[in-house]
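Asks: Listed here are the chains, written in short residue letters.
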Amino acid sequence: MNKPKIKLILTLLLIIFIIPSTSLSQERNIAVSIPPIGSITKYIVGDLWKISVLLPSNTNPHLFEPTPQIMKELEKAKIVVINGKDVDLWAKKLADSAQKDTLVLSDYLKIKEENPHFWLDPILAKDIANIIYKKVSSIDPSNKNYYLKNLNKFNKQIDELNKYIIKELSIFKNKEIIAYHPSFYYFFKRYNIKVLSYIEEGEGKEPSLKKISEIIRLIKSKNIKYIIKEPFINTPTLGTIQKETKVKIVDMDPIGYNKDYFELIKENVKILKEIFYEQNR
Amino acid sequence: MEIFAYSFTQRALIAGFLISIISSIIGLYLIYRRMTFMSAGISHAVFGGLSIGYLLGINMTLTAIVFTILLIWSIPYIVKRSKLQQEIPVGIFYSSSMALGALLLSFHKGYTTDLFSFLFGSILSVKEEDLILTLLFTIGILVFFIKNYWKIIFIIFDKETAEASGLNVYKLERWILTLTGIAIVLTSKLVGIILSSALIIIPAATVIPFIKDIKKSVFATISLNLISIFSGLIFSYYFNIPTGATIVMVATIFFLSSLFIKKPTNH
Amino acid sequence: MEIFAYSFTQRALIAGFLISIISSIIGLYLIYRRMTFMSAGISHAVFGGLSIGYLLGINMTLTAIVFTILLIWSIPYIVKRSKLQQEIPVGIFYSSSMALGALLLSFHKGYTTDLFSFLFGSILSVKEEDLILTLLFTIGILVFFIKNYWKIIFIIFDKETAEASGLNVYKLERWILTLTGIAIVLTSKLVGIILSSALIIIPAATVIPFIKDIKKSVFATISLNLISIFSGLIFSYYFNIPTGATIVMVATIFFLSSLFIKKPTNH
Amino acid sequence: MNKIVEIKNLYHRYDQDLILENVNMEVLEGEFLAIIGPNGAGKSTLLKIIVGIIKPLKGIVKVFNKDVQSLKEERKWIGYVPQKPDLEKYLPLKVKDIVALGRRVVNNWQKLTYYDFEIMDKVMEDMEIKSIEDKIYGELSGGQQQRVLIARALAQEPKLLILDEPTVGIDVKTQNKFYTLLRDLKKQNKSIILVSHDIGIISKEVDRLACINRKLYLHGCPEEIQIHGALKELYGENFLLLTHKEE
Amino acid sequence: MNKIVEIKNLYHRYDQDLILENVNMEVLEGEFLAIIGPNGAGKSTLLKIIVGIIKPLKGIVKVFNKDVQSLKEERKWIGYVPQKPDLEKYLPLKVKDIVALGRRVVNNWQKLTYYDFEIMDKVMEDMEIKSIEDKIYGELSGGQQQRVLIARALAQEPKLLILDEPTVGIDVKTQNKFYTLLRDLKKQNKSIILVSHDIGIISKEVDRLACINRKLYLHGCPEEIQIHGALKELYGENFLLLTHKEE
Ligand SMILES: Nc1ncnc2c1ncn2[C@@H]1O[C@H](COP(=O)(O)OP(=O)(O)OP(=O)(O)O)[C@@H](O)[C@H]1O
Ligand SMILES: Nc1ncnc2c1ncn2[C@@H]1O[C@H](COP(=O)(O)OP(=O)(O)OP(=O)(O)O)[C@@H](O)[C@H]1O
Ligand SMILES: [Mg+2]
Ligand SMILES: [Mg+2]
Ligand SMILES: [Zn+2]
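So the sequences go chain by chain: A, B, C, D and E. full-length UniProt numbering applies: residue 1 is where the first sequence begins, and numbers increase by one. full-length UniProt numbering applies: residue 1 is where the second sequence begins, and numbers increase by one. full-length UniProt numbering applies: residue 1 is where the third sequence begins, and numbers increase by one. full-length UniProt numbering applies: residue 1 is where the fourth sequence begins, and numbers increase by one. full-length UniProt numbering applies: residue 1 is where the fifth sequence begins, and numbers increase by one.
Okay, chain A solo, but in the shape it has when bound (with noise of 0.2 Å):
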């Protein structure tokens, strides 16, 4: 029964090898690792290129995997915008297999610290808009003007944002928060908000026994009434400060499937705000 198949199998290859690669338009594809940075890539790059978000919905290590879909639109893309770091390793991985004009984000971004989430600071996120600028543009010299139009508009908008957020959290004396991933790490930094500390300090750490009652003493001497959370996260320890406490949990999106880059910082910016009214009571 074998050898037929095998004859099967070897012309089925031979048939693969003879298709020549049909040269796919490459043109003004952008292809992105996660929403965010598509977000921000539209503003600078307009309806002149057509951007694609990667990010697959779940992207656990016993699971992750791209669909063929995904695989096409890198194909097709000319540029693959890769935030860096630990994020989107994964899309990291695809752009290379794909040997694609890959543009990571934490190469050009002047930044000693190994946490990755520098998008959801609005000042790094002008960084962040300024890098994709200057790609595209040196793709793509005829609409240079274009693309710097759209990044001056993009970052008077940001310094709008950046007013906005000081101005709403200004009246808050007390900003102190517990949070669980360091997702709004440079958010924190950049606003003053003091983290008095983060439950999971990177991915695949699981808090200590020490590292729980500390949290448990912070909360009860703090009075600390929120710990922030990602919608994805399902930690069975948040359950027990909780139980010890009677602390809330509160999810904050730092991704935002389908959301403006703008309404994503404002949604988060509010809940904050809810969280520093109550604990400032």
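None of these hints come from the bench; they were simulated from the model. By construction, the Cβ of each residue, glycine as well, lies at the ideal position given by its N, Cα and C atoms. It is possible that some hints are incorrect.
[What the hints assert, rightly or not] Below, computed lysine-lysine pairings styled on PhoX-like, alpha-carbon distance capped at 20 Å:
#1 LYS159(C) to LYS215(E)
#2 LYS109(B) to LYS259(A)
#3 LYS151(B) to LYS96(D)
#4 LYS177(D) to LYS215(D)
#5 LYS151(B) to LYS216(B)
#6 LYS72(D) to LYS159(B)
#7 LYS55(E) to LYS171(C)
#8 LYS171(C) to LYS263(B)
[Unchecked claim] Computed list of chain E residues with no C-beta within reach of chain C, every gap over 12 Å:
#9 ILE19
#10 ASP121
#11 GLU139
#12 GLN188
Based on these hints, arrange chains B, C, D and E with the ligands on the given structure of chain A.
Replies: This is chains B, C, D and E with the ligands only, laid out in the frame that chain A set:
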């Protein structure tokens, strides 16, 4: 000790005590039955059930348990039809349930909570309800294994003759598999996949080469489990390191050191 | 077909072809050697090695491979010292390496990367260099298994007499274990943990009950592997679902259907 | 007398080959039947069918006047010593634990009584394993292991004893004791089916002899002449028949 | 004549008990030695020590005039049939594949030559398994399996043949053929060590007899009287000795 002033460490200790009993019994059974990897296999296979529950919006824990029990029940059937070793269906479910889960989840657009974290329990986050449930289950498993002790031994030792002597091997094995499955899902949910697999295998594997008396080895395994949990808790507190991982490392160190001790029989 | 116009699908097919050969050989060996879970065990154990590399700042892939090979080499030693079944050390490494990793990472203050993503492979994202490496390894493993075919058979069938007849069982088994370990790490890195475990176990388990001739079953397993990969690719393309998971499901469906086909020997 | 085992028109095949073809046979209460035949004749298969482990292709198999597949409680009365048992040697069971398994089968898995221990002691002494009762089964010599399995079957005090080459690997002295024991059991009206290649001993001890090689060639009393004819048919040519004589 | 096996002051223990105590023994070229003794006497242990699978506690064991633990190439010349081999029955090996393993050992794992096939055919015919050469080992009857293992050892054309109760489960006809074969091998100057409980046959066939029960009780020619004395010592009391006579 300061460490036991918290109610969650107290609960951890009680949970540790109950889980020691469950995992020692299950662990010894699985090793003698040559199904060491049952625990790793089942705890991953649960994922398929979780994702069905998640997609259909029904109670995930329940769906997962029903799904897992169905898988487990199919093991003797598959073994009978294919004459393969028992571990092979478990190995197949290990990957295919995860693939099923990944496939189902891919139909769900947007965020999906990390379903695996369902099984990322932690001994530090045991709830009171969990304790009661675990206590009941521990009693159940104890009663079952004590009552059927010699029948189980007969089946493991010589399945064919056990059947010839009128034992309902099929029914009994299905019961054992069911209890094993529930035990694995329960302990994984309580203390996480890694710690649960570790407590099931490592102390039993440490004890078996030394103690040539099954009943005595149950007690020895329980003690070793308890010692690992207890010292793991204390170390993890004073060195400020993750508790589950510390417990596993303590158990592993016991195992590795045991290799250098002379066994009663050597040839 | 449109689907094979993309270079990534072409690479996927070639990788699939090579991995079919590797996993079929390793899979049949592991099943007959009663080490079905080797693949799940090793792909998790890699985590320990990765974290050592990460902490010391040395090449992670290299550290992981060295770590894994050391673990694998210790298996025969542990079996000899403890008289336990071979799978037990693998089961112990499964949990203890992950715990070791978690523990080591906890000493690293600040943000740590998700080391598991080391094994985040996907058959769609295979690189050209990977293909060359895999091709070389496939040739290596083929040569080794063809050259030592009967010796390996003798050792599996009757280890004691093989030793008595002058075979260096210990050395040969160490070689096989080493190759198996490298194969598992390599294929996991290339196509991910789930798909790699699935391709190793499922097609081999489907073929074994039907074909009572080891050499023929190698060819049948390779074909089944290829058919699963090929049709999995096509389905996943047209239904836009994750490729690896689809391949696993196709292989699982073959296995499940095979249960209903009459086997040559039935009693 | 009661028919303990009754087989009618029995057929069995494993793959393509018919292993048993139209076998008809019966064992009465208190009867000692020996089954002989060359290797691969289907003797072990026949015993497994009688015990109920293998379901035959076709035919009627009655044990204790019931279809063997429908036996429940009555299974306790069958003591079986398989030819090549597939045992889990890793399990550290003591000799006495294994013998006790035979007892537990009949006392419905209750706590062992004084009476149970008496019987266990008796069979262990009979099989000369009393002195090693605390040893682990897996660490015994081949012959010692075989004795333990016989003792387990005997401990059941079975009405029907099914023995598949039980004396394999057992030393001469214990073999003699064993056959004496079988004679005693027969006197207690127990039925015995024995497969063995030791034609010499068999012809001396048994009531009836069945010569099998796929078909049943002979089923009757072991008169010397009859045996010789059957053996010739069975093994194809006349060969040196070794018979045993008491010195 | 050459000493093929030479054992001096051999001691061995498994746990606490001494299993072999001060055993001294030798086997010459072309000699047929039988070892007898009750179950648990240490016979299989002694054979495993001679084959080199077990390292003894103390003593000198020389095979082909070298320390057995240091044998390399010479191991090919030893054919070994274990008493209870621990085989992987799941592996679907054909009878001829298993017999070929014996051949491959001696031809250094090269491709089998015409000569190799001839020898395989001969031993398979001798053990009457030629007709089942394409069957899967795991699906054979007990006696057929045992014949295959003997054929594997014979296929090695060993200078030293070590047989641990090889005729177990084998039917009378093939047993006879087997002993004839051993006689032929002896004529070809091969050395044979045989453990068996079949004292009748042994006393007829062998050159020398070793009676073992922890210690070596007797090591000499099997004269009837001598045997009787030794057996008495060995098995404790005088028992019905069954001897075989040709009819
Ligand atoms: N692995 C082991 N561990 C501990 N004791 C053992 C082991 N193997 C054998 N023994 C003991 O060593 C003694 C000798 O065993 P051995 O198998 O050599 O006997 P034997 O003479 O071959 O007996 P038989 O005629 O029953 O085959 C026995 O008492 C047995 O209990
Ligand atoms: N599981 C199996 N699958 C296929 N064939 C089998 C199986 N078991 C036995 N056979 C075949 O059935 C036939 C009868 O086997 P059985 O074991 O009943 O013989 P037996 O008379 O007991 O022989 P022996 O004297 O060697 O023990 C043999 O030819 C054997 O090859
Ligand atoms: Mg038989
Ligand atoms: Mg022996
Ligand atoms: Zn896992």
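Asks: Against this structure, judge whether each hint is valid.
Replies: Hint check results:
Between LYS159(C) and LYS215(E) the CA atoms are separated by roughly 30 Å; this puts the pair beyond 20 Å, and the hint is violated. With a C-alpha separation of about 14 Å, the suggested pair LYS109(B) and LYS259(A) falls inside the 20 Å cut-off, and the hint holds. Annotation: proposed proximity of LYS151(B) to LYS96(D) holds, straight-line Cα distance about 15 Å (limit 20 Å). A C-alpha spacing of about 33 Å is found between LYS177(D) and LYS215(D), which places the hinted pair above 20 Å, so the restraint is violated.
For the proposed pair LYS151(B) and LYS216(B), the alpha carbon gap of about 18 Å is at most 20 Å, so the pair holds. Under the criterion of a C-alpha separation no larger than 20 Å, the hint pairing LYS72(D) with LYS159(B) is consistent with the structure, at around 17 Å. Pair hint LYS55(E) plus LYS171(C) holds up; C-alpha atoms about 19 Å apart against a cutoff of 20 Å. For the given pair, LYS171(C) sits about 25 Å from LYS263(B) by alpha-carbon distance, which is inconsistent with the 20 Å threshold.
Distance check for ILE19(E) against chain C: the nearest CB is about 18 Å away, which clears 12 Å, and the non-interface claim stands. Interface exclusion of ASP121(E) from chain C stands, the closest Cβ pair being 19 Å apart, more than 12 Å. Once the 12 Å rule is applied to beta carbons, GLU139(E) is inconsistent with being away from chain C; the minimum gap is 6 Å. No beta-carbon of chain C is positioned within 12 Å of the beta-carbon of GLN188(E); the least distance is around 20 Å.
Violated hints, in rising order: 1, 4, 8, 11; the structure is consistent with all others.
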